[in-house]
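Enquirer: Given the coordinates of chain A, assemble chain B onto it according to the supplied hints.
As given, the protein sequences belong to chains A and B, one line each in that order. Every letter in the first sequence is one number past the one before it in the working numbering, and letter 182, counting from 1, is 168. Every letter in the second sequence is one number past the one before it in the working numbering, and letter 161, counting from 1, is 170.
Because the hints were derived from the structure by calculation, they are not lab data. Heads up, some of the hints might be wrong.
To be verified - The calculated DSBU-like cross-link candidates involving lysine-lysine, where the alpha carbons are at most 30 Å apart (straight line), are:
#	chain 1	residue 1	chain 2	residue 2
1	B	Lys114	A	Lys224
2	B	Lys191	B	Lys114
3	A	Lys224	B	Lys217
As the list claims (entries may be wrong) - Computed, partial: chain B to chain A, Cβ under 10 Å:
#	residue
4	His70
5	Thr164
6	Lys219
7	Pro220
8	Gly222
9	Ser224
What the hints assert, rightly or not - Reference excerpt, derived from the structure (chain B facing chain A, CB under 10 Å, subset only):
#	residue
10	Asn128
11	Gly153
12	His188
Cβ coordinates follow ideal geometry from the N, Cα and C atoms, glycine included.
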Amino acid sequence: MKQSTIHAGSSLVLLFLTIAAPGTILADQSSRSPVDLTAPATPDGNTLIRVSIASDLHSISPGATGFIAVTYTIERNWYTYWRNAGDTGGPPDFAFEKPEWLQIDDALWPVPDRYELPGDILDYVYRGTATFLFPFTIASDAPTTGEHPITLRTSWLVCRDLCLPGRAEATLTLTAARVPVPSTSADRIRALYEALPKPFSIATAPKVSLSWVGLSLHVHAPGADEITFFPDERTGAKPLDPLRNALVKGDRLVLPFSHGKDGSSEVSGLIRIRRGGSAEYHVITSDLAAGT
Amino acid sequence: MSKSLFGWKTGLAALAFAAAAVAGVATSATSAQTKAATAAKAQIGVAAPTFTLTDINGKTHSLAEYTEQGKIVVLEWFNPMCPYVVKHHETVTTMADTYNAFKDKNVVWLAINSSHQGNMAHGKDAEFAKKWNIGYPVLNDESGMVGRMYAAKTTPHMFIIDSNGVLVYDGAIDNDPGHSPKTDGSVVNYVHQALSEVVKGETVTESKTKPYGCSVKYAG
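So here's chain A without its partners, still in its complex pose:
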């Protein structure tokens, strides 16, 4: 993998990054000044999110598996969207130009936050930084020599009191070898992976109980200060009025659902439980039939 000098003072960064959309190469991301929010000119959506790309492997080899980490650094006071954007907005899009021997799976999305806007609007958003992990597998017939560029093209909607489209292109060069070698980003990427929510089970959440009463999901988390459900739109069943029903201050959440338009009953999403200053997340996959 080719070494890069994107970040000033960071000689260990592994990637070679090009931000192509606005024709800008970010040689020193930390030195950029914030957007002047009082300026009358419309900001440029291409520069409100800075994109970096890295891998947990310095060298790849046939049969190896790893992650490509795409990090959005979002300008202060602006936000972009989760895979279920909510009532408004839309999720970012990612496309890779890559060799055939490299299989890149769908993104593992970081946990979002809930954002309520005037007009009974509820969105699910990212602020600050968000890193999307893409699991990859190197085919058994992949080369063991040479440098192989992977180009990411990503686009987004970034909002504050107005919404702007943005896009960027970033390139990561993978170095082929006979044995895989971790990169200097490996620990960071592994930690991000470990921090992603895991499927709910007694083992992962012994203090949390879930049950269905009719079409209502009941969550009991003794000692919790707040429980929130983040619905995943990839499945059909929908929570009723999530603005009012999907967040509760306290340790019991009762969330009614309805079947999807096509009668679908599959439920999925995330549950966030806050206790004190910390939060835990669990992936929920269930079916409305469980309560009937």
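Expert: Coordinates of chain B only, in the frame set by chain A:
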């Protein structure tokens, strides 16, 4: 996950929901008969809440008057600074094409901007109406009262009111929620589809879809 042994609770909940729904219908229908804008909420199948707003040329538009004339009315929530609105007015001409297809079929089309005064989108309607050669009125709802009555969430967010004043469509302009338009022929224009049915006096097949776009910039 445990199965419930308390199915009766679901029945009670359903009754409560049904009662609430009936109450909502009655409220909307009553309010829609008045000319003053009220707190009535728009709901498919009942009389649409009435309103009177002023357009960028200072002309007032009353939904009740259009309804009394037997017009079919399309409402398009509008914000010229929103990329999705730009998409449908500039990148492709979905709005103009749909309007032109029905403007001679007893259809009145009204764009409504509910952006509050402090928002960047406020005050730019005339500029963009000219730039995009919009052939229908653009109304100012800077208080957000009409937007909230219709629960308009996105720009664009589309509503169709039939010639009896009943709301018959609430949702997206089409099934292409990306901010770049698809060109593979798979786009279904829900508003065109619904209007085709309404002008023939038919029931709208798909009366509610999920709208997409930027959030309406209501005052907090």
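Enquirer: Take the hints in turn and mark each one as holding or not.
Expert: Against the structure, the hints come out as follows:
1. B/Lys114 to A/Lys224: Since the Cα atoms of B/Lys114 and A/Lys224 sit roughly 37 Å apart, the hinted pair is violated (cutoff 30 Å).
2. B/Lys191 to B/Lys114: This hinted pair holds, its Cα atoms lying about 28 Å apart.
3. A/Lys224 to B/Lys217: Within the cut-off at roughly 15 Å; holds.
4. His70: violated, 22 Å
5. Thr164: holds, 9 Å
6. Lys219: holds, 9 Å
7. Pro220: holds, 8 Å
8. Gly222: OK, holds: B/Gly222 within 10 Å of chain A, min 6 Å.
9. Ser224: holds, 4 Å
10. Asn128: B/Asn128 check passes; min Cβ-Cβ to chain A is 6 Å, inside 10 Å.
11. Gly153: holds, 7 Å
12. His188: holds, 5 Å
In this structure, the earlier hints numbered 1, 4 are contradicted, and the remaining ones agree with it.
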